[in-house]
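> Spelled out from the first residue to the last, the chains are:
There are 2 protein chains.
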Amino acid sequence: MVKLTKRIGGLVLRLAAFGAALAALIVMITSRERASFLAISLEAKYTDMAAFKYFVIANAVVSVYSFLVLFLPKESLLWKFVVVLDLVMTMLLTSSLSAALAVAQVGKKGNANAGWLPICGQVPKFCDQITGALIAGFVALVLYVLLLLYSLHAVVDPFLLQKS
Amino acid sequence: MVKLTKRIGGLVLRLAAFGAALAALIVMITSRERASFLAISLEAKYTDMAAFKYFVIANAVVSVYSFLVLFLPKESLLWKFVVVLDLVMTMLLTSSLSAALAVAQVGKKGNANAGWLPICGQVPKFCDQITGALIAGFVALVLYVLLLLYSLHAVVDPFLLQKS
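Quick mapping for you: the protein sequence lines, in order, are chains F and P.
Going by the UniProt record's numbering, the first residue of the first sequence is number 1, and it counts up by one from there.
Going by the UniProt record's numbering, the first residue of the second sequence is number 1, and it counts up by one from there.
Hints in this document: simulated from the structure, not taken from any laboratory.
Model, not experiment: these values are computed from the prediction.
Possibly wrong hints are sitting among the right ones.
A pair counts as met if it fits within one copy or between any two copies, since identical chains are not told apart.
[To be verified] Quick list of in silico lysine-lysine cross-link-like pairs, BS3-like style, CA-CA up to 25 Å: (1) K6 <-> K109; (2) K108 <-> K53; (3) K108 <-> K74; (4) K108 <-> K80; (5) K74 <-> K6; (6) K53 <-> K125; (7) K80 <-> K45; (8) K80 <-> K53; (9) K109 <-> K45; (10) K109 <-> K53; (11) K125 <-> K80; (12) K108 <-> K45; (13) K6 <-> K80; (14) K125 <-> K108.
Okay, chain F solo, but in the shape it has when bound (with noise of 0.2 Å):
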């Protein structure tokens, strides 16, 4: 019973960090928005940004990563190896996030050393919903993380909970 228990729960968490990632990916493509600057019109969209692709394409390949991962048969090898695939999706997460946020920061405070100009004035709303993408695609990571010391917990016992 304790086993099933496992499994599912198992399942949950990576059904749940798929709903996660997917949500990130999906709210980043659909920020846009349009604003008039000095006469002229300007256009915020994801692509202006690098490291938004970078969280984009990340992402995109955790959510294809998370689904497949779903259908692998419970006997199989290869929930050996899941372990460390589901390591290289929590630092690609942990990277793509990072990135984002840091060029997110400097776009909503702007940064007076180097001359560079807040943004989130002009397009408000194109920056509330990359905050949005963003608290989407922490919440996929906290649930990577949660799965690894799931995997790590039944391996290896780090926390010396399980009685010797």
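With chain F's structure known, arrange chain P on it following the hints.
Frame of chain F; chain P shown alone:
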């Protein structure tokens, strides 16, 4: 004999990771250049960018952790917990390197969509030293990923190399 070589291998990886994280920290902290721009004298330093400050803090944490773990007794049960801490350090290095890279990329190329001009034209030596710090940070990250795979391999055998 195999166990001894494995143990020494682990310690050498940790020592190298300690050296790389410390180098990244020192190179980033000492990066500074004075430049004059439209008769204004400016000094570029790592504290100008939040992402670079984050990079310094992360590599400082990893350096201290890597140094302390070197003194952990072989038989200690804490080694089981070190796998989780190695994961945390790997994520910290991934995150801080990605954030610093995202901002450095904007510093090097600017971003026309956001109206941000590149800065490396005015402070080329500063940018070169930042690049050096990011390379050292990347080496520390690669070493930590190897350490993680090494720990996972010892307990999970994800590449199914051990004869069952």
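> Decide, hint by hint, whether the structure agrees.
These are the hints, each one checked on the structure:
1. K6 <-> K109: Intra 44 Å, inter 49 Å, cutoff 25 Å: neither.
2. K108 <-> K53: both (18 Å within a copy, 18 Å between copies)
3. K108 <-> K74: Answer is neither: 46 Å inside a copy and 49 Å across each miss the 25 Å cutoff.
4. K108 <-> K80: neither (42 Å within a copy, 42 Å between copies)
5. K74 <-> K6: Intra 12 Å, inter 32 Å, cutoff 25 Å: intra-copy only.
6. K53 <-> K125: within (19 Å within a copy, 29 Å between copies)
7. K80 <-> K45: neither (40 Å within a copy, 46 Å between copies)
8. K80 <-> K53: Neither: 31 Å inside a chain and 38 Å across chains, both beyond 25 Å.
9. K109 <-> K45: The answer is both: 18 Å in one copy and 18 Å across copies each meet 25 Å.
10. K109 <-> K53: both (21 Å within a copy, 16 Å between copies)
11. K125 <-> K80: neither (44 Å within a copy, 47 Å between copies)
12. K108 <-> K45: Both: 15 Å inside a copy, 21 Å across copies.
13. K6 <-> K80: both (16 Å within a copy, 21 Å between copies)
14. K125 <-> K108: within (12 Å within a copy, 28 Å between copies)
This entry does not satisfy hints 1, 3, 4, 7, 8, 11, going by the numbered hints stated previously.
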